[in-house]
Amino acid sequence: MQFKDKDIQHIADLARLDLTPAELKVYGEQLSSITGYIDQLQDIKTDINSSSQSLNNVWREDEVIDWSDEEVQVALEQGDREGGLLKVKRVL
Amino acid sequence: MDAQMLSIAQARKELDSGNVSALELTRACLRNIEALDGDLHACLLVDSEGALAAAEKADERLRQGERGPLLGIPYLAKDILMTKGLKTTAASKILENYIAPYNATVIEKLEQAGAVLLGKTNLDEFAHGSSTENSAFGVTKNPWDLSRVPGGSSGGSAAAVAAGLCFFALGTDTGGSIRQPASFCNLVGLKPSYGRVSRFGLLSMTSSTDTAGPLTRSVEDAAIVLSVISGKDERDATSLNLPVPDYSKNLDKGIRGLRIGVVSSDLNEGLNKDIKEAFLESLSVLKKSGAEIVEIELPYNKYSVPVYYVITPSELSSNLARFDGIGWGMSTEESNNLLSFYKENRGLGFGPEAKRRIMLGTFALSAGYADAYYKKAQAVRELIKQDFQQAFSKVDIIFSPSSPHPAFKIGVQINDPLAMYLEDIYLSGPSLAGLPAVSVPGGFVNEEGKDLPFGWQFIAPLAQEELLLQVATAWEKVNNYFKRQPKF
Chain A
5 MQFKDKDIQH IADLARLDLT PAELKVYGEQ LSSITGYIDQ LQDIKTDINS
55 SSQSLNNVWR EDEVIDWSDE EVQVALEQGD REGGLLKVKR VL
Chain B
70 MDAQMLSIAQ ARKELDSGNV SALELTRACL RNIEALDGDL HACLLVDSEG
120 ALAAAEKADE RLRQGERGPL LGIPYLAKDI LMTKGLKTTA ASKILENYIA
170 PYNATVIEKL EQAGAVLLGK TNLDEFAHGS STENSAFGVT KNPWDLSRVP
220 GGSSGGSAAA VAAGLCFFAL GTDTGGSIRQ PASFCNLVGL KPSYGRVSRF
270 GLLSMTSSTD TAGPLTRSVE DAAIVLSVIS GKDERDATSL NLPVPDYSKN
320 LDKGIRGLRI GVVSSDLNEG LNKDIKEAFL ESLSVLKKSG AEIVEIELPY
370 NKYSVPVYYV ITPSELSSNL ARFDGIGWGM STEESNNLLS FYKENRGLGF
420 GPEAKRRIML GTFALSAGYA DAYYKKAQAV RELIKQDFQQ AFSKVDIIFS
470 PSSPHPAFKI GVQINDPLAM YLEDIYLSGP SLAGLPAVSV PGGFVNEEGK
520 DLPFGWQFIA PLAQEELLLQ VATAWEKVNN YFKRQPKF
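Listed in order, the protein sequences are those of chains A and B. In this note's numbering, each residue's number is its place in the first sequence (first place is 1) plus 4. In this note's numbering, each residue's number is its place in the second sequence (first place is 1) plus 69.
Accuracy of the hints is not assured; some may be wrong.
[Claimed, not checked] Partner residues aside, some chain A positions facing chain B, computed with beta carbon under 8 Å:
| id | residue |
| --- | --- |
| 1 | 19 |
| 2 | 22 |
| 3 | 23 |
| 4 | 29 |
| 5 | 31 |
| 6 | 75 |
| 7 | 89 |
| 8 | 90 |
In case anyone wonders, no lab produced these hints; they're calculated from the structure. The structure displayed is predicted, hence computed values, not measured ones. All C-beta atoms in this analysis are idealised placements derived from N, C-alpha and C, irrespective of residue type, glycine included.
Please work from the sequences and hints to get the whole structure.
Here is the structure:
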């Protein structure tokens, strides 16, 4: 796969990454070379149904387990807060 | 007595007989960190106060007659494991100021066992890499040659153990990150079976292959640590619900009659010729010890690196989506809305390799490409698993080099991501199949007048760590490589 600047920009948007023009160029070249190497997988005959046979779901009851006050405090001490809430930028 | 060069087993005897205290061992390690880590940069954080307090507590437990394999033994942990009240950065600017509110299960188990946490070690950012050059806080140097990398991503842990800054260190291994630095630093590096050790509190990279395990100076030490940190954890749904044996119990059973599988294509181009020669010699050594060498084939294992570099970026692009710079990382004030704030924080907060992998994974999972990349890779992964299953119907253990060469120079591979990915050529297969594997000291090659260590890998069937360590011990017994220490 050969990536052009606009392909890389699209991926960067999906990944929520701001990239500089220099980064766009370098990642374009590197991702082209890496996917070129990965593309050898296309030559292998696989049965798509054969994957994940050994996997099974692990369930548990959906119970609320309270955090210890100490853990809550350490977690909430961090970051920019106002009135017990985390402050973020304007969403809209 | 060079206290911090004792094995855990030796230190245990000294502690139990009262010849030395946990406080003395801890002080000796802290002195060594102070003296040597300026050159090595193995540690990202040293918690002297916490370590001394933990050592005093361990001494009190010892005085009251309590005994335990790791009671009073000082160690370091890779800075991707959550440590309550201490910074846990994953060597990333995006978590630069993050203080963990709770302990990873492995840290908690070691605390209960009375081991003394000295601090946190350097790594490639979020464990993405094979050299520690991707750390946002500077590279770690290899104590065997300061101009070379210690390997990675658990490079800080490896350099620290090799240089005697601690008795053992915890690393994590997703596709080789314990075994490769162990081979570069003349250590034993044990990657347990997937699920053998809880992942709770390990900052996720590739959730389907992440494991935590020890880097130690001897196989016996690795067995001691593994016995303490293993086991089912209700907070990690993928942890194995199997009993934990005492891994140190059967180490001396030898390898007489065991079938050891070797893949001839492992010796193809790319393998350093001195290492290749040493590998062939080691086969006759294993034969002399009573093992049968059986040639096997793992036809799909040669695709393990391309498969790994689809699955890993895919999973981590999703795992790292949670990091937005809000709360504890570097955070920009420029943006005026949430979306551009996210993009700017992430663009500046992640380093080049993390961004490269996030992009690759986002691509491999994106509409129109997920079938050709992610699903294809999962299907080939299944074939790799079947390769190993079939091989283990013919042999008990598989034997290979750990790395195609000794430690490389700092800077030579940093701009060639593909070359860096190929570091894992012998190591990513067992990770994809979830199998336990260990790297043990294999010998030395001389480059530019310096002796540089390399390692051998043993791979066992799922949950057969006992057998794995038994074979590794047999290898260790017929040479003294593990006793050699770096001078720097």
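Checked hints:
| no. | hint | in the structure |
| --- | --- | --- |
| 1 | 19 | holds, 4 Å |
| 2 | 22 | holds, 3 Å |
| 3 | 23 | holds, 6 Å |
| 4 | 29 | violated, 13 Å |
| 5 | 31 | holds, 6 Å |
| 6 | 75 | holds, 4 Å |
| 7 | 89 | violated, 12 Å |
| 8 | 90 | holds, 7 Å |
Checked against the numbered hints listed earlier, the structure breaks hints 4, 7; every other hint is satisfied.
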